[in-house]
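**Student:** Oh and the sequence shown: position 36 is 36 in my numbering, straight run, nothing missing.
No lab work stands behind these hints, which were simulated from the structure alone. Please note: incorrect hints may appear among the correct ones.
[To be verified] Here are the simulated PhoX-like pairs of lysine-lysine, each with C-alpha atoms no more than 25 Å apart in a straight line:
(1) K97 <-> K67
(2) K90 <-> K102
(3) K67 <-> K102
(4) K277 <-> K67
(5) K90 <-> K67
Every value quoted in this text rests on a predicted model; they were computed, and no experiment measured them.
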Amino acid sequence: MSGRRSRPTPVTATTEQEAGLYDTVVVPRYSSLFAQMILREIPEGAHATVLDVGCGTGHPTFEVLRKLEPGGRVVAIDRDMALVELARRKALDLAGKRLFFKVGWAEDLEFGDGVFDIVVGNLVASQFEMPGDALAEMKRVLVPGGKLLLTRALDDTFEEILDTFREVSLRLDLPAVQQRADAVATRYPSAQAFANQVRAAGFESVEVEEDLFRLPFRSAREIFDDPLLRFVGLAEWRWVAGLDRAGTDVIEEVERSLDVYFAGGPLSLTVHAGLIKATAPGG
1 MSGRRSRPTP VTATTEQEAG LYDTVVVPRY SSLFAQMILR EIPEGAHATV
51 LDVGCGTGHP TFEVLRKLEP GGRVVAIDRD MALVELARRK ALDLAGKRLF
101 FKVGWAEDLE FGDGVFDIVV GNLVASQFEM PGDALAEMKR VLVPGGKLLL
151 TRALDDTFEE ILDTFREVSL RLDLPAVQQR ADAVATRYPS AQAFANQVRA
201 AGFESVEVEE DLFRLPFRSA REIFDDPLLR FVGLAEWRWV AGLDRAGTDV
251 IEEVERSLDV YFAGGPLSLT VHAGLIKATA PGG
């Protein structure tokens, strides 16, 4: 077992209201698209003990449990207390029997070695403060030959927005905006880079499955007002624009540019999804 270390500082805690909004908006319209990739890899009636890292409000935790045979169980952790509490409430009489929710950190898992047959993590890989430590811990708690299933957004996700920021930065002579747009783009790795990170942690038989989704919107203005993007993109885009009054002007210019390009009508944003499939050594 790894030695105890100082835990990473959690992100700003989600409020109860925000947790509810996340569950009703982000889960069905965004995170569930990635979760389906994980669920396809877990056979019906699997005899397994599963760890769900970064479980949020319980998706795909509940769906994973439904795929297991009656003796299977799921332990789900997240570092955000409000999300965990909402997931517990949704679990009803399953909680504490076949389904366990805990506040926990991927970088410091409070489990013994070789406890889990499968470790899943939906859209959590981009949130690791110490990716190497998190992957090492997930490998440690897997049985030899156990399965790792991780999803994340890959390069060119939200390319329409970032390309428009770059175009606006050139037109308005704002090189810092382009630099920040490029910096945000690097947060979405290529499939190869994602796979290499997992291989470097000692996993074997590493594969990446890719898929492409489109998020539809009725107009450019709807994008910047949509509660979904508040959770999955808007904070980054506000940083790209700059957080002062000038930044607000840049966002408005991006909105106008998108409206011109799409003739004021419906548009969609591209999401490139990746699923890592890997096994712990020794199987």
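**Student:** Under the constraints set out in the numbered hints, which ones does this structure not fulfil?
**Tutor:** Violated hints: none at all, because every hint is consistent with the structure.
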